[in-house]
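Asker: Single-letter residue listing:
2 protein chains.
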Amino acid sequence: MSGSDAPETERSLTLAQLQQHIQQMYGRKDQARGAEGTFLWLMEEIGELAAEVRGDNHAALQAEFADVLAWLATLANVMDVDLNQALLDKYGVGCPGCLKSPCACSDSEKP
Amino acid sequence: MSGSDAPETERSLTLAQLQQHIQQMYGRKDQARGAEGTFLWLMEEIGELAAEVRGDNHAALQAEFADVLAWLATLANVMDVDLNQALLDKYGVGCPGCLKSPCACSDSEKP
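In order, the protein sequence lines correspond to chains A and B. Quick note on numbering: this note's numbering labels position 46 of the first sequence as 46, and the sequence is numbered without any gaps. Quick note on numbering: this note's numbering labels position 71 of the second sequence as 71, and the sequence is numbered without any gaps.
Careful, some of the hints might be misleading.
Remember, identical chains collapse to one label, so a pair may be satisfied in a single copy or spanning two.
As the list claims (entries may be wrong) - Listed next, the in silico DSS-like pairs over lysine-lysine satisfying Cα-Cα at most 30 angstroms (straight line):
no. : residue 1 : residue 2
1   : K100      : K29
2   : K90       : K110
3   : K110      : K29
4   : K100      : K90
Think of the hints as simulated: they come from the structure by calculation, not from any bench.
With the rest of the complex left out, here is chain A (with noise of 0.2 angstroms):
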C-alpha cells in the first residue's frame, strides 16, 4: 500500500485509508460501473463468503471476508459515504438501542 513503510504483517489500516486505498485501485472502473452493478459484486461476494462460512477453510473465510469488505468500501465509494464517520454517528456511544457499551438491550430486541 502506498504511503506506507511498514510491513503488511503490521500495518493497522482506518476505514478512511480502506477507503482511499480502494479508491486508489479501483475509483475508474467503480464510478463507470455505478451503484446497481456495484451491489451486485458486492452480493456476489456475500454468496462466497455463505459458501466460506460453512466450510472449514479459514484461509478461504478471511480471503472472502477481505472481498466483502473491499466490495462494501467501493459501494460506500461510489455513493459518497464516510464509513468512519458512519460508524461513530450510528455506534460511537455504544449500542444504538440502549446506548450502552456492552449492549443492555433485552435479548428479544436484539439477541
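Given the coordinates of chain A, work out where chain B should sit on it, guided by the hints.
Answerer: Leaving out everything else, chain B in the frame of chain A:
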C-alpha cells in the same frame, strides 16, 4: 467509544478498533448466537442497505452502511477473523488480479 478523548467527528477508527468496539458492545450475545444466526442478521442489514441504495436519503443510506459494517465485524469476531490482516493479505500490494494500483486488469476480467 472507550479509550479516547477525541470528539466523535475527529476520530479515525482502525479496522481493529472497529472489531474491538463491536466485541465490547455485543460480544456476549454474538458468541451465544453463533455464525449462522449472525449471518442472517447481516443479510437483513444487506436488504436494508439495498433499499437505501435505491432511495435518495443520504443519512439513511449512511446509517445502513454502518449497520452492514457492524454486522460484518460481528461475524468476523464470531468466526475469529482479523479484518485488518484479511485486507492486507489480499489487497495490501494492490489489485489481487494484476498486483497493481490502479488496477490494470482488462475490463472483461474486472469491469
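Asker: Give a verdict on every hint.
Answerer: Do the hints match the structure? See the list:
1. In this assembly of identical chains, the alpha carbons of K100 and K29 lie at most 30 angstroms apart only when taken from different copies (14 angstroms versus 41 angstroms within one copy).
2. In this homomeric assembly, K90 and K110 come within 30 angstroms of each other (Cα to Cα) only inside a single copy, at 16 angstroms, whereas the closest approach across copies is 33 angstroms.
3. In this assembly of identical chains, K110 and K29 lie within 30 angstroms of each other by CA distance solely across copies; the values are 8 angstroms between and 39 angstroms within a copy.
4. Taking the shortest alpha-carbon separations for K100 and K90, only the intra-copy value of 12 angstroms comes in at or below 30 angstroms, while the best inter-copy value is 35 angstroms.
Against the hints set out earlier in the document, no violation occurs for any number.
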